[in-house]
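J.: Go ahead and model the full structure; you've got the sequences and the hints to work with.
Note that the protein sequences, when read in sequence, are chains A and B. Position one of the first sequence corresponds to residue 1 (this note's numbering), numbered consecutively onward. Position one of the second sequence corresponds to residue 1 (this note's numbering), numbered consecutively onward.
I should point out that these hints are in silico values taken from the structure, not numbers from a laboratory. One or more of the hints may lead you astray.
Covered stretches of chain B, as calculated for chain A (at least 3 residues, CB under 8 Å) [to be verified]:
| id | segment |
| --- | --- |
| 1 | 52–61 |
| 2 | 121–127 |
| 3 | 154–160 |
| 4 | 163–175 |
| 5 | 204–211 |
Ideal placement from N, C-alpha and C gives every residue a C-beta, glycine not left out.
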Amino acid sequence: MSGAHKSFLERTARQRIADLLDNDSFSEILPPAERHFSPHLPVLGQPVAFDDGIVIGSGLLSGAKVLIAAQEPAFMGGSVGEIHGAKLTGLLERAVQQRPAAVLLLLDTGGVRLHEANAGLIAISEIQRAVFEVRHAGIPVIVLIGGSNGCYGGIGIVAKCCDHMIISEEGRLSVSGPEVIEAAKGVEEFDARDRALVWRTMGGKHRYLMGDADLIVPDDIAAFRDAAISLLGASRPLTLESITQEHQALQNRMQRFSACADATQIWQELGVTDAKNVPLAEIPEFLEMSAHVRREEHA
Amino acid sequence: MLEWKELCDQLFPQGHTVKADGQVVTGQGRIGDETVAVVGTLDHAAIGVDIALQLSEAVIDIMKQQPGAPILMLVDTQGQQLSRRDELLGNSPFLAHLAKCFAVARTRGHQLLSVVYSEAVSGGFLSLGMIADETYAVPGAQIRVMALPAMSRITKLPLEELEALCRTSPILGPGAHNFVALGAVEEIWEGPLDQCLLTALAKKNNLDKRRELGASRGGRTGAARIAQLVREH
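T.: What follows is the structure, encoded as structure tokens:
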């Protein structure tokens, strides 16, 4: 939380939490010392992590009590196994009991941990149900995406089940990863080595322009912190009315962009000033280029 | 494998109006003195933006036209649609939207049941099937996250080792019986399907009991314990 620029992308889960929350306010639940690790990995001869790759706990954000979870990017791609998933589900259930000002989810994951595939998939479904319970209780669930694994797989779906999303330019959000699409459908469908294509299709700027991310920030934890503070207490009711509106918006999206082959075409169609330069623009410049689009499209 | 028509005929011997539109089925079925709203997929549908939108439209219609009616999802999906176009338009928001529609239906008093009658795979199963209060499967139904050869390639674990483990551990391998052991599938429906459905409808459980079920069945013992530790910390 000091003045120096700290990259969200490059830091560990614990560092991200420490820098995001008020100084020394974080209290971890089931810390590594308690050794709750995956029982399934040793069977496969795989190393374990004593936190199973996720850090959870409570703390203060600008003085407000929050619950927070951060997936550790360096442990098995932030993947969701049985224990990892249960820690997150438990935290969400705790939120319903304790009613914090928000739940912050720092997602950085490829999705299901295939070494415990079935348990991982079910865990993601349980996280999803628990997210809805928190939302029904009127507590905002805020997703922050800016890590090296992006946010993929079933967690890519869960992320959009939450109230708000803050994403960085480096953040990516999708269900299937580029490699998965390429493996299944061929390099003509998706060239996973074409990093520019990956970022155009799945990256933070595209998700922001489409209205899927609420806020976009530079890769700076202080910027994530300010963005999260701005969303405290702002819950979005999940009602028939709200999903009917969302349905209308998605229908419109489909009608307008269904035939677009590339993100650049969509950005042009949206009326972004100088759409071809979107990938190169720094965040302040990008926000200027896209301000009228966001105002008109996602008011 | 059961065809969706045959499935509906067996589920609703008193009659149904379930029809297919592309790879999506919708309609109503009569059972006992209830009218059940039906929504589902066929032909191992890959659920991408198009089908997710079609399904969510159907769920919203059910909420408006048949308030409070039980909803039965008929699940046959090979997973999410793997394509550049679908990710560009947003599998994430479209599949999440479908899940939100079901979540809202649940709060409005719709009982949500699902039955896997053919196959259910990963992201498709997450948005259509696992979102239900309770999930069932018919004999022969396939449920998996990923086929073992692909899993072997990605995890770099030898196929023989994975196959051997699948014989003893429900955590890893394909199979509806594994998902029963883990608590994600309530049971595999044996016997007349209409009777099975009636029994399921009578339970009216809308709490997520899958972890406790997985623990009591011995297939998934960690999840319930860990979540409880976190709640009570």
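J.: For each hint, tell me whether it holds in the structure or not.
T.: Hints and how they fare:
1. 52–61: Contact hint for the segment 52–61 of chain B vs chain A: holds, 4 residues under 8 Å.
2. 121–127: This one holds; 5 residues, not fewer than the three required, reach chain A with a Cβ under 8 Å.
3. 154–160: holds (count 3)
4. 163–175: Since three or more residues must qualify, the claim that chain A covers the segment 163–175 of chain B holds, with 6 doing so at under 8 Å.
5. 204–211: Per the Cβ count (3), the hint holds.
The structure fails none of the hints (numbered hints given earlier).
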